[in-house]
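Going by this note's numbering, the first residue of the sequence shown is number 2, and it counts up by one from there.
Errors might be hidden in some of the hints.
Stated by the list, open to error - Here are the computed distance ranges between Cβ atoms for each label pair:
#1 59 <-> 94: 25 to 33 Å
#2 76 <-> 39: 27 to 35 Å
#3 118 <-> 165: 44 to 52 Å
#4 107 <-> 66: 34 to 42 Å
#5 63 <-> 28: 44 to 52 Å
Unchecked claim - Using 27 Å as the maximum straight-line C-alpha spacing, the simulated BS3-like pairs for lysine-lysine come out as follows:
#6 105 <-> 117
#7 117 <-> 81
#8 124 <-> 81
Quick caveat, the hints were computed from the structure, so don't treat them as lab data. Note that the structure is a prediction, hence the values are computed from the model and not measured. Note that CB positions come from ideal geometry on N, CA and C, so glycine has one too.
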Amino acid sequence: MTLGLILGASTTLGDSLVTLISFLLLFVVIKSVAWKPLMNMLAQREEAINADLDKAETARLSAEQQLAEVELQLREARTKANDTLSRAQAEGTEMQRAIVEEAKEDARRIRTQAEKEIDLERKQAFTSLRSEISEMSISIAEGIIGKELNVDDQNRLIEEFIKGLED
């Protein structure tokens, strides 16, 4: 029985030993045939991944730089637009003030001209009225007195008549 155990044990040990030797031989064959290409492929894959990561980082940095430039341009454009708007508002206010001032000046000028014209027309009307009154006075006086008046008498009567009208 001990011999059977030894043989059985050695069979199991032999099988294990054959399996181990087969595995080692397979490992050596795989290492010599497939290990280098597999490691080269993994190294290439690692390099490709690293290159892609570098490209992604470069693209991210470039995008951030472009974003910063665009934001700067946008701020400059807003500032310029605000400046233009402020300038336009100031110009509009100044134009409005100038137009109002010009309109006031035109109104003053028109009023002054109208006052002059009114005064001139009043003087002309007064002169015309004075002349008509003088003629009527002379006619009335000639009719009442029955004779023609001299220039001094005529002027005195006119002045008295006008004073009477003004009162």
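Here's how the hints hold up against the structure:
1. 59 <-> 94: 25 to 33 Å: Given a distance of about 52 Å, which is not inside 25 to 33 Å, the answer is violated.
2. 76 <-> 39: 27 to 35 Å: violated (55 Å)
3. 118 <-> 165: 44 to 52 Å: This hint is violated: roughly 29 Å between Cβ atoms.
4. 107 <-> 66: 34 to 42 Å: violated (60 Å)
5. 63 <-> 28: 44 to 52 Å: For residue 28 against residue 63, whose Cβ atoms are near 48 Å apart, the range 44 to 52 Å holds.
6. 105 <-> 117: Holds, because 18 Å separates the two Cα atoms, which is no more than 27 Å.
7. 117 <-> 81: violated (53 Å)
8. 124 <-> 81: violated (63 Å)
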